[in-house]
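Model the full assembly from the supplied sequences, consistent with the hints where possible.
Residue numbers (my numbering), protein chains in the order written: chain P, 1 to 282; chain H, 1 to 262; chain B, 1 to 293.
A couple of the hints might just be wrong.
Per label pair, the in silico range of CB-to-CB distance [to be verified]:
hint, chain 1, residue 1, chain 2, residue 2, range
1, B, ALA155, P, ALA79, 43 to 49 Å
2, B, ARG120, P, GLY125, 32 to 38 Å
3, B, THR83, H, ASN38, 29 to 35 Å
4, B, ARG161, H, MET8, 36 to 42 Å
5, H, ALA243, P, LEU268, 55 to 61 Å
6, P, ALA79, H, LEU16, 39 to 45 Å
7, H, ALA243, B, ARG170, 36 to 42 Å
8, B, ARG170, P, ARG177, 36 to 42 Å
9, B, ALA140, P, ARG177, 55 to 61 Å
10, H, ALA112, B, PRO91, 32 to 38 Å
11, H, HIS122, P, GLU244, 40 to 46 Å
12, H, LEU257, B, ARG161, 46 to 52 Å
If you're looking for bench data, these hints aren't it; they were derived computationally from the structure.
Only a predicted model underlies this, so the values are computations on that prediction, with no experimental measurement involved.
For every residue, glycine included, the Cβ atom is placed at its ideal position computed from N, Cα and C.
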Amino acid sequence: MTIPPWLDDFLWTYGNLINALGVNGLLALSMYVVLSVGQLSLGQAAFMGLGAYSSALMTLQLKLPFFVVLPASCLLPVAFALAIGIPTLRLSGVYLAIATIGLGEVLRAVYLNLDMVGGALGLNGIPEKAQTWMIFSLLIVAVAGLWLVARSRIGRAMEAMREDTTAAAVMGINVGRYQLGALVTSAVLAGIAGCLSAHQSSFIGPNEYGFEPAVTILSFALLGGIGTPIAPVIGAWILTLLPEMLRGFSDLRLVFNGLIIVGAVLFLPRGLIGWRMRRRGA
Amino acid sequence: MTLLTTAMLTRRYTGLVAVDAVDLRVPVGGVHAVIGPNGAGKTTLFNLISGLVVPTSGTISFDGRNITRLPPYRRAALGIGRTFQNIRIFSEMSVLENVLTGLHAKLHVGLAGVACRLPAFHAEERHAVGAARAALSLVGLSDRADRQAQSLAYGDQRRLEIARAMAQSPRLLLLDEPAAGMNPAETAALAALVRRIADGGTTVLLVEHDMGFVMSLCDSITVLNFGRKIFEGAPSAVRAEPAVVEAYLGARLAAKLRANHG
Amino acid sequence: MLAQQLVNGVLLGATYALFALGFTLMFGVLRVINLTYGFYFTAGAFLSLLLTARFGLSIALALPLAAIGAGVIAVVIDWALLTRLRRKQAPELASLMVTLGGVLALYSAMTAWLGPDIRRLPPGLISADAIVLWGLRVTAAQFLILGATSVLVAALLVLLRGTRLGLALRAMAERPDAAGLMGINTGRAAALVSFMSGTLAGAGGVLIGLNFNAIQPFMGESMMLRGFVVIIVGGLGDVRGALIAGLALGIIEVLTAGYVSSNLKEAVAFMILVAVLWTRPQGLFGRSVVRRA
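Written out as C-alpha cells, the structure reads:
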C-alpha cells in the first residue's frame, strides 16, 4: 500500500508524538483502573519500566519474537503488583500508595546499578517492532473492554467501592478481590505500554520510570476524570499534546502537571470531563 | 427456631470493653430490638454481627452456621442485610442503581460473560432490575427510581437504604437507628414499613432510641448497658424491669421513682 | 572495622530518623501523609547555601536559620494545600494526592529556576578534621549531625510530653473531632505542626547537604524512600518508632554497602518495607491498622 507523500511526511515528523499518544493512553487507563475502585497506586511508571526492561532484554538477549515478548512483558509487573498488593489489601489505602511510590524509586536505583541493563546508560538499539497500528489497536481494545466492564454490575460495584468501601462490603461486594484485580490489570496495561514504548523508541534509560513519570500519569487521570474509560485517555492526550504546542515552556511541564493534580483534588474532583457512566436502569 | 445467636460475644479495646460476653438469641420471624443508653455497645454489636469488627472472643452463628470468621461480603451473601446509623447510600448513583448494588451478591455472570455480553448477562441484568424495582415499590420509592440519590429528602434516603438492603431478600435485616432524625409522621410510616417487611418473612433486628417506636413495633427487646446484656423479654416486661430503669435513669433517680410509686 | 561501620551507620541513621520525625509527626497529629515534606528538606539545604555562600554566615548560625526558614515555608505551603481538605474532612488519600502534585510542582519549579546542577556548600564551614576515639573515626560534620539531631529530638520529646501544647497535639492525634470540641484551635495547631515538621526537615537537609557535600533540587526525593521505610517500620505517627527504625535502617544500609554491595542499599530498604507489610504492617509501635471491609 502506498501512502500519499504528505501523509508520509506527517507521519515521519509526528510519528513519535502519535505513538506517545497511544502509549500514554494505555498508561492513563492503567491509572484509571486503580482509581475507579477507590485505590491509589503510583506504581504505573514502575510497572511500565519493568515491562520495558524485561521485554527489551527478551528481544535483545533471548532473541524472542515480538508476539511472545509482548504478552511476556506483563509477567514481572504482575509479580511485583501481587507482592505489594496482597499484603496491603487489608490495610488502609495509604500503604499501597506509599509502597508503590517507593517501588519506582527502588527500581530506578537498581537499574542504575545493574550492568545487565546497562546501568546509567540504559539499553540501546532495541529494534522497532512496535508499529503505530499495534499501539492503537491495543488501546482501542483496552478502552472497549474496560467500557464493557464499567457498564455492568461490575462497574456498579466499582463505583460503590469508590464511594463507600464499608457500605459496599456489606452489600456483598468482595472489595479485596476487585482491588487486587484492578491492581493486576493496571500492571498488565502498564507493562504492555512499557514494552510498546521500548520497541518504538529504540532506547530506554533508568530515569524514565521514576517519580516524575508516576506523578505525570496520575495527572492524566485526574485531568480527564474517571467517570468513563475514555476520559483519562483524553486527559493523557491533552497533557501529551500541550507541551508540544507550547514549546517554550518545556521546563515547566512538570510544574504544570503537579499543579493540575493540586487543582483537580482541590477544585475539580470529577476531572475536566465530569461524565458518569450511564448504566442500564440509570 | 433461632436465626441468629451470639455466644459470649466480646469486643475489647484498650481501656474499654465495648461488648461484654453478650448472649443474643434472635428467633426466626418478627421484629426485635436492641436498646440501651448511649455508649451501651449497640452499634458495636451490629458491627460485630455484620462483620465490620472482629470479636475479641465469642462466636456468632447464623442459621446454624458459625459465621464468626466470615468477612462482611460473605455474610451478605448468606442473607444478612444492614443499614447504617448515618445513612450510607451511594450519593452519586441513581436511586435504582443504589438498589442494584444491593443485588451484587446474587448476580453470578463472570468477567467473561460481562465482556462478551453473553445472553446470560442480559438475562441476569433484566432480572436484577425487576428485583430492584420490587424493592423500591416495597418502600414506596418507585416514582423516584431515576433521581440521583443525594437529591432525595432525608427520610427518603433512609427508605432507599432499606430498599437496597432488602433487594436481595435477606433473611435477617439489621436496622441501625432507622428512626433517627425523623418527625412523628415519618416515624409512623417507617414503623408500618418495618411491619410490612417482617410480615413478608424477613426477620428484623433493630437498634433504636425512640422508645415509642420500639414498644409499639417489637416482639422482643434486648437491653444492653456498658456492653452487657441486662435484660431480654417482651416490651411490657422490659418497661417494668428495675435494672432497665436504673440503666437509663441512673441508680438515684430510679430509687426515687420506685419510692414515689410504692 | 565493624565498629567503624556501626558508627557510620548510626550517624547516617540519625539523619534518616530526623527526616522521618517530621514526616511521622505530620501523620500522627494531622492524619496527613505530607509528601511536600521532601521539599522542605531541599529548601533547608538551599537556604543554608544562600546563608553561607551569599551572606557568609557560619554553620552555627546558618543551620538554625535555614531550618526555621524551611519551617516558615512549610507553614505557607501546607496552609495553601491542606486547609481546604481539612475543613471538608477529606479522606487521607486526597491529602496524599494534593501534596504529591504539590511536591512535583515545587521540585520542578526549583529546578527550572535554579538549574539541576549539584552545588556544594562553601569549603571551610566545618573543620575537616576527624577525632579518633577508641580507634573510631568521627568527623566534625558527623559530630554536628549527632549533636543537632539529639538536640532536636530531645526538644521534640520534651514538647510533646511535657507541655500543654504537646498535650493538645497528642489529643488531636487521638481524636481530632473531640480535640476541636475541647477548644483546641485546630487551624493554629496544624500551622504549628507544619512549622515543627518543616523545621525538622530543613535541619535534616542542611546536615545531609553538609555530610555528603551535595545539594540539588531533587535531593528530598531520594530521601523519600528511606522516609517511607522508617515511618512504616517504626509505626505511622510514632516518634520513638521513627527514631529506632531510622537508626536501624542507617546501620543496615551501611553494613549492606560494606559487606554485600553498595548497589543494593535501596533494594534492601525496600525489601524491609515489603517484609514489614507482609508480617507486621503496624510497625514497631503503630496502632493496629488492619481494616476489615
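- Query: Of the hints stated earlier, which fail here?
  - Reply: Of the numbered hints given earlier, the structure breaks none, since each of them holds.
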